[in-house]
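Asker: Protein sequences appear in the order of chains A and B.
If you're matching positions, the first sequence starts at 1 in the numbering used here and goes up one per residue.
If you're matching positions, the second sequence starts at 1 in the numbering used here and goes up one per residue.
If you are wondering where the hints come from, they were derived from the structure by calculation, not from laboratory data.
Treat the hints with care, as some may be off.
What the hints assert, rightly or not - Facing chain B, according to a computed beta carbon distance under 7 Å, are these residues of chain A, among others:
#	residue
1	Ala25
2	Ile121
3	Met124
4	Met125
5	Val246
6	Ile253
7	Val257
Unchecked claim - Residues of chain A placed beyond 10 Å of chain B at every Cβ, according to the derived structure:
#	residue
8	Gly64
9	Val72
10	Ile106
11	Thr194
Cβ coordinates follow ideal geometry from the N, Cα and C atoms, glycine included.
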Amino acid sequence: MTFFKELARSKVGMAGFVILVLFVAVAVLAPWLGLEDPTRGSLRARMVPPDWWGPHPLGTDEVGRDILSRIVYGSRITLMVAGAAVVAGGIVGTFLGILAGYAGGITDRILMRLVDIQLAIPLMMLALLVVAALGPSMVNVVAVLALTSWIRYARIIRGQVLSLREREFVQSARAIGASGWRIMLRHILPNVLTPALVVATLELARIIVMDAALSFLGLGVQPPNPSWGRMLADGRTYISTAWWAVTFPGVAIMLTVLGVNLFGDWLRDYFDPKTRSAR
Amino acid sequence: MGSYLIKRLLESLLAVWGVVTIVFFVTRVLGDPSTLLLPVGASAEQIEALRSQLGLNEPLVMQYLTFLWQAVQGDFGTSFQHGRPALAVVWERMPATALLAGSAMVLGIAIGAVAGAIAALKRGTVAELVVMTVALLGQATPVFWLGIMLILYFGVSLGWLPTGGYGTFAHLVLPALTLAVFVSASIARLLRSSMLDILREDYIRTARAKGLMPTTVFLWHTARNALIPVTTMTAILAGELLGGSVVTETVFAWPGVGRLILQAIQANDFPVIQAGIFVVATIFVLINFAVDMLYGVLDPRIRAER
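Just chain A, same shape as in the assembly (with noise of 0.2 Å):
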């Protein structure tokens, strides 16, 4: 219950918590909120205004859809497609992190090797020449997204692990006899969630826009489903008579990096106690 409390004395991580705990429970309810289909558009109604009180509030696109509920349709595949690319990403990061830290010698070299090629090639690149040539099914980008991540995760957690390492409680596991798996799984990975907790966080932030800007780029999740990318790239076409198919879908990918950056900052703060104690 600290955390809460802790939270609530903070109001720019709770700022932060809102709208992630918003964020989550739009792309959860959609279908539940009385919505327009976002696939469907009627010509009658194209490019439409913003009109805050009439059906339309946030105005409608070039084929008349109805883009607040594009919005928050959208906000289901940022979700799913950055949220498994976290999970994905954090596993084999966490993963091999751990490897890296705990078997030491030739895993580790070769491990860290591979960061350092990887850190060399820009990370957008990187990500559009696999969807390039993998295809850009949902799969493939949220492995993309998770390729270009675990490297973060991975530099940090060996870091731990390697003061971890000599301590004695993995130290007398080893003294009784326990396998290296046994010691890497049960003694050492329970100390690491809470670093990978606050990489996650902060990744997800970066994952959301990296995501945005692949389907901007047409290498994304695939029409007619609604992705926030997607819907900047097809207002960029009608930016001069159409402002708000332009504006609104980037405002929520905004507001989302912005609280999910806002909650990771006082998340790391919080698990960090050398910032904790000067507060």
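Keeping the supplied structure of chain A fixed, place chain B upon it in accordance with the hints.
Answerer: Leaving out everything else, chain B in the frame of chain A:
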């Protein structure tokens, strides 16, 4: 220092080799370029002839070794789209990318450094609140959307600046500003927190206690030490600008390397993809190398450890 330099150089070379290798194998999965190069309905013989001309009938390992051997000599093959050496095609686009990334970097660091320093020195004032709020928003705003918003306002509504293209200073303003916002937001936040840490240090108190002028304390003790994390961040941002420029260059129809690589990926022009990513990765690795060397200059403790 000498052996460290050589070790870092070797590591950098290894990283570039790894990148080139990965890109080679990924582009081979992209599909057979011979079907794209020939007109629809080309005969089986024509396809076969082109495949053997491109060396696509060789075993993959042989293709890879040939590729490496030629790449070392700067030969990445001929662009399918442009009909000229791929590296030359990439190299021609470099000035546009360098101009955009360079202007964004200079502008972003300047704004970010001033804003971050103000936020740290004027702690608890409205100035700090404003700087930090703007920085948080700047970090949360996707670069490409910010670009579109700037086009919408300054290009479409006000009509002050061109909405895209290349050639004059006016064309540079919006894309450079877009990327600079992202850079300055990160720099401002980082500089503020690292300065706040430093202002608590004993050596700052000592410097003040012995009666040094506030300006001297700021320049020689605070700013200099706060620059170390900022230098790292600058290298990371430079890398992100190179890679992220794909999106910005696309939004502003800026004829740089990023947009070229995107078009090459869409057209399956793999000599250009390989040459382009090779160039970007090499620059990226060089920047990191330079930053590592710079640490030694900025922080004598790091120099001593080597």
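Asker: Given Met124 (chain A) as an interface hint, is the shortest Cβ-Cβ distance to chain B below 7 Å?
Answerer: Hint on Met124 (chain A): holds, closest Cβ of chain B at ~4 Å, below 7 Å.
Asker: Is the hint on Val257 (chain A) kept, meaning its closest Cβ partner in chain B is under 7 Å away?
Answerer: Where the cut-off is 7 Å and the nearest Cβ of chain B is about 4 Å from Val257 (chain A), the hint holds.
Asker: Grab the minimum C-beta distance from Met125 (chain A) to chain B and call the hint holds if it beats 7 Å, violated otherwise.
Answerer: holds (5 Å)
Asker: Do the numbers back the hint for Ile253 (chain A), that is, is its least Cβ distance to chain B under 7 Å?
Answerer: holds (5 Å)
Asker: Would you check whether Ile121 (chain A) satisfies its interface hint, that is, whether its CB is within less than 7 Å of any CB in chain B?
Answerer: Given a least distance of 5 Å, the restraint on Ile121 (chain A) holds.
Asker: Examine each Cβ of chain B, and state whether all of them lie more than 10 Å from the Cβ of Gly64 (chain A).
Answerer: Non-interface label on Gly64 (chain A) holds, nearest chain B Cβ at 21 Å vs cutoff 10 Å.
Asker: Using Cβ atoms and 10 Å as the threshold, tell me whether Thr194 (chain A) really stays out of contact range of chain B.
Answerer: holds (21 Å)
Asker: Verify that the Cβ of Ile106 (chain A) lies farther than 10 Å from every Cβ atom of chain B, and report whether the claim holds or is violated.
Answerer: holds (15 Å)
Asker: Are all C-beta atoms of chain B more than 10 Å from that of Val72 (chain A)?
Answerer: Holds, since 18 Å exceeds 10 Å.
Asker: Against chain B, is Ala25 (chain A) within 7 Å by beta-carbon distance?
Answerer: violated (20 Å)
Asker: Just to be careful: measuring from the Cβ of Val246 (chain A) to every Cβ in chain B, is the smallest value less than 7 Å?
Answerer: It holds, given that the least Cβ distance between Val246 (chain A) and chain B is near 5 Å, below 7 Å.
Consistency note: the structure conflicts with earlier hint 1 alone.
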